[in-house]
Amino acid sequence: MLRAAAREWLADRYPPERVARLADSDAGWDPTSWGELAGLGWLDPELDVLEHAVLAEEAGYALLPGPWLSSVGLALPALGGAPKRPTTLAWADDAASRLRDAATSVACRADDDLDGWRLTGVKRAVPDVAIADEAVVVARTPDRVALFRVDLTANRDAVHPLSTVDTTRRLGELRLDGTPAEPIDAPAAGALTSARRRTSALLACEAVGVTQRALDLAVDYAKTRTQFDRPIRSYQGVSHRLSNVYAALQLARSLAYRAAWCVSADDPAVDEAVASARVAAARAAVGGCEDAIQAMGGIGFTWDHPLHRFYKRAQWIAAFDGAPAAHRAELAEMLFAG
Amino acid sequence: MDFRDTPDEAAFRRDLRTWLGSALPADWAERDPHVGRWDFEFARTWSRRLFDAGYAGLTWPVEYGGRGLPPTYQAIFLEEIAKADAPDHVGVIGLGMAGPTIMAHGTPEQKRDHLRGILSGDTIFCQGFSEPGSGSDLASLRTRAERDGDEFVVTGQKVWSSYAHVADWCILLARSEPGSAKHRGLTYLLLDMHAPGVEVRPLRQITGDPEFNEIFLTDVRVPVSKVVGEVGGGWQVAMTTLLHERGTLGFALTARLEALFRRLLTTATKTGASTDPVVRDRIADLYVDLQALRYTNYRSLATLVKTGVPGPEGSVAKLHWSETNQRLTSLAVELLGPDAPLSGAGAFWGGYWQYQQLRSRGNTIEAGTSEILRNIVAERVLGLARSR
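Here the protein sequences come in this chain order: E and L. The numbering of the first sequence is numbering that gives the first Met the number 0, which starts it at 0 and goes up by one. The numbering of the second sequence is numbering that gives the first Met the number 0, which starts it at 0 and goes up by one.
These are calculated hints, taken from the structure and not from any lab test. Please read these numbers as outputs of a predicted model, since none were measured by experiment. For glycine and all other residues, C-beta sits at the position ideal for the given N, C-alpha and C. No incorrect hints appear here.
To list a few chain E residues with every Cβ distance to chain L over 12 Å, as calculated:
#1 Tyr13
#2 Gly38
#3 Arg99
#4 Pro186
Only part of the chain L face toward chain E is listed, based on derived beta-carbon distances under 10 Å:
#5 Ala283
#6 Tyr286
#7 Tyr297
#8 Val376
#9 Val380
#10 Gly382
Estimated spans, in silico, between C-beta atoms of each pair:
#11 E:Arg229 x L:Pro6: 55 to 65 Å
#12 E:Asp215 x L:Asp14: 45 to 55 Å
#13 E:Asp215 x L:Lys181: 26 to 36 Å
#14 L:Gln235 x E:Lys222: 23 to 33 Å
#15 L:Asp280 x E:Gly297: 28 to 38 Å
#16 E:Pro267 x L:Asp280: 19 to 29 Å
#17 E:Asp93 x L:Ile205: 53 to 63 Å
#18 L:Ser21 x E:Pro267: 28 to 38 Å
Take these sequences, add in the hints, and give me the full structure.
In structure tokens, the structure reads:
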């Protein structure tokens with residue numbers, strides 16, 4: 000029911016033409032959609048990661064632009080609940096590239112002045128930083144790594160948008176220079192672990208949605224496109240390629256759902272489940288979009304066709320917090336340790 | 000979707016583990032893996048013990064000697080026997096194909112005469128579908144069944160028939176209407192393998208094992224009472240058989256693949272390859288393939304339990320398993336380095352991996368080639384109509 004309602008709303012409000020317009024716009028999203036999402040219940044505090052997973056898959060299918068996933072995936076654990084305003088998490092800097100490292104090693108400094116905490120340092124590759132109202136920032140106090148809230152609306156000059164291949168989910172830098180911040184009580188390690196698991200599981204589900212859309216686009220095309228007086232669907236060079244995409248999609252879907260379930264149940268296998276899902280989902284989404292582009296010939300290679308936008312999102316997901324090879328290295332560690 | 004056992008399932012799993020621990024020899028877990036196929040009589044004796052302990056036909060109705068349990072219990076059973084590296088029940092064709100088909104389409108007499116023997120291992124079934132000229136294009140088969148009073152007289156040749164050399168019965172697909180084409184005019188018969196006119200010749204395969212056979216049928220008389228379903232309606236009945244072949248396969252195959260994967264880890268450690276980052280990357284990749292298969296099976300099972308029919312996601316299980324098994328066994332052989340070309344006693348684990356690797360090449364051919372399975376996905380799931 001949740002899925003059907005989300006799909007219907009997304010199909011109505013975010014057809015590919017509108018997503019393309021937003022993706023090519025300065026803002027990269029429609030700021031009024033935050034209120035719409037809240038009205039639909041996407042930000043309800045009682046939603047569990049299993050429900051977020053369903054919404055993430057549908058959001059991936061539509062390529063919904065905006066900071067929803069950053070807010071409910073990355074920022075939520077630090078805030079102890081779904082944020083009221085668009086919020087992101089800034090963890091990466093010169094001392095920490097992966098989320099798993101940020102709780103122990105971080106370059107950004109936090110100093111306690113007489114008038115409150117101030118942060119100094121450059122946070123890199125911050126998702127949605129240009130459209131978020133608030134950022135949770137990981138920084139080092141004199142005695143520990145801690146989390147801080149930075150009001151981005153009041154500190155606009157700290158935000159430096161970067162040009163991103165996927166313009167529906169952009170990255171930017173946060174250049175902090177004595178920027179005022181509010182400390183968060185939640186211990187950094189727990190919140191960052193939770194953020195890593197949640198976001199990875201949700202991105203795996205999003206990748207499943209992306210793959211499903213790429214497959215649907217290519218299948219529809221193969222049914223109507225005619226060459227040598229026959230629809231190209233009748234050529235096994237085309238149909239078997241798409242069967243392979245379907246297989247990879249179903250396999251990735253199984254692991255993505257399982258990862259979400261393991262996060263929700265706090266299962267002992269959660270890190271294995273999340274890493275496996277990331278590997279399978281990246282393969283299905285990136286490979287699936289590439290196969291779809293090939294199956295569609297020149298059309299799939301054009302800017303006008305929506306397919307390239309899904310491909311770029313797939314690549315974004317594959318690169319988030321470590322490429323698939325990094326996740327496989329983690330799996331190998333677990334396999335040979337146990 | 001909850002992946003955990005219910006309390007009843009957990010109790011069943013615990014009892015089964017205890018039983019396996021007592022039924023298998025004490026040093027079973029420590030021995031090197033078994034190379035090649037199990038000796039038939041050993042496997043038959045083991046099947047009898049499974050039956051006596053109530054582990055044969057878990058999902059079959061009680062009236063046919065089964066336990067009438069939901070498919071989740073069969074999945075647990077297959078996981079646990081693979082974990083223990085216990086032999087399979089010898090009646091794979093009977094349990095997976097003949098039995099379900101007889102239950103779905105058979106007469107009361109056929110059910111009475113054939114089902115219980117399948118479970119106990121007393122009756123061995125083989126399959127007579129493929130022919131030298133009819134492989135993927137099964138419906139082109141030419142074995143004739145001519146009506147003569149209360150009997151059919153069957154003449155023709157079947158091939159790729161596992162267990163035919165020890166089988167008592169054969170599920171046979173033959174053309175009963177002369178001149179009929181393709182799917183029409185076929186009849187599904189239960190043929191007595193001990194009847195006059197049946198000759199079985201072993202077919203040696205790539206591993207050197209005679210796992211398959213050719214069956215030559217010359218004027219073999221089959222009573223009309225052994226027709227399953229309608230005369231001339233054999234294709235529909237055969238589809239039930241093939242559905243069950245692929246449907247029940249998933250869990251058994253995944254569980255066996257898991258055992259192979261654990262041995263791959265052991266092999267990597269023993270050969271010193273486990274510190275090589277390239278090997279670790281490939282092993283982790285295979286692990287993801289294995290996990291994907293396992294959880295796709297669970298998802299199909301959930302669909303099956305909920306709706307009674309397997310979901311479309313199940314159609315990828317055999318395709319994915321066969322290719323994963325090929326990659327896994329090839330990597331294992333590669334890890335043996337200069338010893339990779341050896342076989343027999345001088346080889347690592349007595350040539351276990353070399354055997355597994357060669358056998359795996361059949362996986363993408365048997366029970367529907369990968370090409371046929373991709374056609375099925377393309378046509379029935381994606382709606383990409385017939386490829387010719």
